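Protein chains: 2
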Amino acid sequence: MSGFPEGNAVVYCEGAFGTTNGKTAHGLVRRTRRYRVLSVIDSRHAGSDAGEVLDGRPAGIAVQPDLATAIERAPRETPATHFVVGLAPDGGRLPEAGRAAVEAAIEAGLHVDSGLHDFISEDPRLAQLAARRGVAIRDVRKPPARERLHFFTGKIEQVTALKVALLGTDSAVGKRTTAWLLVEALQRAGRRAELVGTGQTAWLQGVGHGIILDSLVNDFVSGEIEHAVWSCFTETRPEVIVLEGQGSLLNPAYPGGHELIAAGRPDVIVLQHAPARTHYDGFPAYPLHPLPHQIRALELVSEKPVVAVTVNHEQLTPAQARAACETIRRETGLPAVDVLLDGAESLVETLAPLIARPDERR
Amino acid sequence: MSGFPEGNAVVYCEGAFGTTNGKTAHGLVRRTRRYRVLSVIDSRHAGSDAGEVLDGRPAGIAVQPDLATAIERAPRETPATHFVVGLAPDGGRLPEAGRAAVEAAIEAGLHVDSGLHDFISEDPRLAQLAARRGVAIRDVRKPPARERLHFFTGKIEQVTALKVALLGTDSAVGKRTTAWLLVEALQRAGRRAELVGTGQTAWLQGVGHGIILDSLVNDFVSGEIEHAVWSCFTETRPEVIVLEGQGSLLNPAYPGGHELIAAGRPDVIVLQHAPARTHYDGFPAYPLHPLPHQIRALELVSEKPVVAVTVNHEQLTPAQARAACETIRRETGLPAVDVLLDGAESLVETLAPLIARPDERR
Numbered sequence: 210m211s212g213f214p215e216g217n218a219v220v221y222c223e224g225a226f227g228t229t230n231g232k233t234a235h236g237l238v239r240r241t242r243r244y245r246v247l248s249v250i251d252s253r254h255a256g257s258d259a260g261e262v263l264d265g266r267p268a269g270i271a272v273q274p275d276l277a278t279a280i281e282r283a284p285r286e287t288p289a290t291h292f293v294v295g296l297a298p299d300g301g302r303l304p305e306a307g308r309a310a311v312e313a314a315i316e317a318g319l320h321v322d323s324g325l326h327d328f329i330s331e332d333p334r335l336a337q338l339a340a341r342r343g344v345a346i347r348d349v350r351k352p353p354a355r356e357r358l359h360f361f362t363g364k365i366e367q368v369t370a371l372k373v374a375l376l377g378t379d380s381a382v383g384k385r386t387t388a389w390l391l392v393e394a395l396q397r398a399g400r401r402a403e404l405v406g407t408g409q410t411a412w413l414q415g416v417g418h419g420i421i422l423d424s425l426v427n428d429f430v431s432g433e434i435e436h437a438v439w440s441c442f443t444e445t446r447p448e449v450i451v452l453e454g455q456g457s458l459l460n461p462a463y464p465g466g467h468e469l470i471a472a473g474r475p476d477v478i479v480l481q482h483a484p485a486r487t488h489y490d491g492f493p494a495y496p497l498h499p500l501p502h503q504i505r506a507l508e509l510v511s512e513k514p515v516v517a518v519t520v521n522h523e524q525l526t527p528a529q530a531r532a533a534c535e536t537i538r539r540e541t542g543l544p545a546v547d548v549l550l551d552g553a554e555s556l557v558e559t560l561a562p563l564i565a566r567p568d569e570r571r
Numbered sequence: 210m211s212g213f214p215e216g217n218a219v220v221y222c223e224g225a226f227g228t229t230n231g232k233t234a235h236g237l238v239r240r241t242r243r244y245r246v247l248s249v250i251d252s253r254h255a256g257s258d259a260g261e262v263l264d265g266r267p268a269g270i271a272v273q274p275d276l277a278t279a280i281e282r283a284p285r286e287t288p289a290t291h292f293v294v295g296l297a298p299d300g301g302r303l304p305e306a307g308r309a310a311v312e313a314a315i316e317a318g319l320h321v322d323s324g325l326h327d328f329i330s331e332d333p334r335l336a337q338l339a340a341r342r343g344v345a346i347r348d349v350r351k352p353p354a355r356e357r358l359h360f361f362t363g364k365i366e367q368v369t370a371l372k373v374a375l376l377g378t379d380s381a382v383g384k385r386t387t388a389w390l391l392v393e394a395l396q397r398a399g400r401r402a403e404l405v406g407t408g409q410t411a412w413l414q415g416v417g418h419g420i421i422l423d424s425l426v427n428d429f430v431s432g433e434i435e436h437a438v439w440s441c442f443t444e445t446r447p448e449v450i451v452l453e454g455q456g457s458l459l460n461p462a463y464p465g466g467h468e469l470i471a472a473g474r475p476d477v478i479v480l481q482h483a484p485a486r487t488h489y490d491g492f493p494a495y496p497l498h499p500l501p502h503q504i505r506a507l508e509l510v511s512e513k514p515v516v517a518v519t520v521n522h523e524q525l526t527p528a529q530a531r532a533a534c535e536t537i538r539r540e541t542g543l544p545a546v547d548v549l550l551d552g553a554e555s556l557v558e559t560l561a562p563l564i565a566r567p568d569e570r571r
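Protein chains in written order, with the numbering used here: chain A, 210 to 571; chain B, 210 to 571.
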């Protein structure tokens, strides 16, 4: 990707950093090629290192109490240039305090990038202000023009790279983070691996190929998934393509994964799971389907195997997370690993034989 | 529904009547409350009765060779007022001849209704012409404004009507027609039954409640399905709601049904199937999954039973269609019926015990 980084970002996550509603900010703290991340705004964690709050490891990114402080404390050589909305609230609407922060950011001359459903660029007052201050507002969830969209054709069958779908048993369960860690581990092992992103956070992180699934008109979803995977393959000729999942197959509100299976036609599935989670994210009336049931459903619908389970350790100590992996191994017969805790190398080992022998795979 | 019929329609289906690309026209010939249908345009069948071509039964709707003839032959008391695009080509784009016909229709002072992906109202020349001639262009697939859309909340659980999902083993397989026949048979049997439509054809037919699934931004699909079913229930208090399916679970290009199951939360599934079809509609490289496999996948994903199979007799004689029903009964243990041939009464009998005893059902 040329032109990266585009600038120096302050990530707005007031009241939500470290919660599922802050997952866009989490993604940016963990990695992005699109920006140099200067700081995260959340008054609840002001003074901490964002990486410490998130993963227990310093990331060199300070949490600031407010925008003014974030701008003031930016290093002289890397002044703040971008205000990135790091909130991902259910429903994607910007809270009132957030709107005021966006206004202040534009006043301060920062570009604004947002993955919310509320399009900031369509707020006449903010749009006018941005024009006056000469800054850009990018609503990354804004659907592309229809004439740039693709229908499914079957050209996905030309893709001979190993296609790995990184799906999950719920939304906001860590699919994207695991997908990046897997791609990076594959690359460290000398494999040509690429991520195809499907959400606004992957875009904000500067993924090479991808779409923003949520924002597509439904009838183009299959074709755009196919086109993204196919473009990634034809342009970069990787040995492995990891496809970022969205939602989860059996989630009542975000029944994702299905179109990724149908149109992305993965060869194998890696399934991200949070053992301590009892209900679908945001829907306490809907108990999470048990892991073995979810594996069975995915394998029946896709006719492809789930080859590993990756574990999200939310609400678990490291010892508990490793014990949960052991339980999953016993119950499912599949490898299970917490990749944030123990790395993605064992996943690479699981996939290696499939990459080496493409003829046997097909 | 008040205000129906809205006018007298000429249905444009040049080159496609009687083929899967003509399915919008087929729906309008079979039933619509929105218009009085005067005629269908398809020069290949000019002079025939549209019902004869379609179902072997006269419908009192003539097939005309072109627009001029269709306008000229309209009864004096019901002059043509609407030009309805009855084509549903793969990809939803209007062929060049179709565009010329639209232009001629506007010139002749007809309103234009279209369910294509190509928005006729966004063609500057046609839009200008329509303004000059004082006629309306309605692109029914145009997505609603975001502020009118709903997210999934779980209010679907308030719906105590029996919810029947009419799904299919493929796209363009007759789900909508069967859904209407089922609703009408239920009503004849004294049941309060309502259809919730999910496509542009059901809208053109004047369905009371519904959405146009294909045209929704993906993230709103679950919430809009829930809201349509919930609105239908709260406004009309039916005993049975039949939910029109889209696509099919395992179709690579149109993996529909999944969000209907997740968010519509049907109690039972009726599955429409064309026994003579070997490949997914429009995709000869993708063989249709066998019926038992599709039933297994639907039941596993939905955790609800498929209670009947309805048969589309394309490429089959009546005797062959009935033999196919018998084979399906034997293979699946489920009732199977060709409702166009033998009516939907047996389906009503299958569902009756579930309607009568709602407490046992939940």
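If you're looking for bench data, these hints aren't it; they were derived computationally from the structure.
Because the structure is a prediction, the values reported are computed rather than measured.
Worth double-checking, as some hints may not be accurate.
Copies of the same chain are indistinguishable here, so a pair counts whether it falls within one copy or spans any two.
Straight-line C-alpha distance at most 25 Å; calculated DMTMM-like pairs for lysine to aspartate or glutamate [said to hold, decoys possible]:
id : residue 1 : residue 2
1  : K513      : E215
2  : K351      : E331
3  : K351      : D327
4  : K351      : D332
5  : K364      : D327
6  : K364      : E535
7  : K364      : D551
To see whether the hints hold, each was checked on the structure:
no. : hint           : in the structure
1   : K513 with E215 : neither (39 Å within a copy, 50 Å between copies)
2   : K351 with E331 : both (10 Å within a copy, 19 Å between copies)
3   : K351 with D327 : both (9 Å within a copy, 19 Å between copies)
4   : K351 with D332 : both (14 Å within a copy, 22 Å between copies)
5   : K364 with D327 : between (34 Å within a copy, 23 Å between copies)
6   : K364 with E535 : neither (40 Å within a copy, 38 Å between copies)
7   : K364 with D551 : neither (37 Å within a copy, 41 Å between copies)
Comparing the model with each earlier hint shows violations of hints 1, 6, 7; every other hint is respected.
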